[in-house]
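Asker: Sequence:
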Amino acid sequence: MTLLRLLKGFLIIIILIFLFIQIFIHRPLVQSIKSDQQKPLTLSSEENYIIQKWLK
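So in my numbering, the last one in the sequence shown is 56, and the numbering has no gaps at all.
Keep in mind the hints are simulated off the structure, nothing from the lab.
What follows is a list of derived Cβ distance ranges for each label pair:
{"no.": "1", "residue 1": "50", "residue 2": "9", "range": "21 to 31 Å"}
{"no.": "2", "residue 1": "15", "residue 2": "51", "range": "14 to 24 Å"}
{"no.": "3", "residue 1": "52", "residue 2": "16", "range": "14 to 24 Å"}
{"no.": "4", "residue 1": "2", "residue 2": "52", "range": "29 to 39 Å"}
Cβ coordinates follow ideal geometry from the N, Cα and C atoms, glycine included.
Can you make the complete structure from the sequences, with help from the hints?
Answerer: Written as structure tokens, this is what we have:
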């Protein structure tokens, strides 16, 4: 019974990590690479907005 709960929790964590990667890496990565060549490292407004939402 505890093993089943552990596996469920593990599955949820994997899904959350996958979603996190999709949102934070998959989308802004191309934008970041393009903008990094033109300006120094700063957060885009989209990334700022996501971070603000996560902090609240």
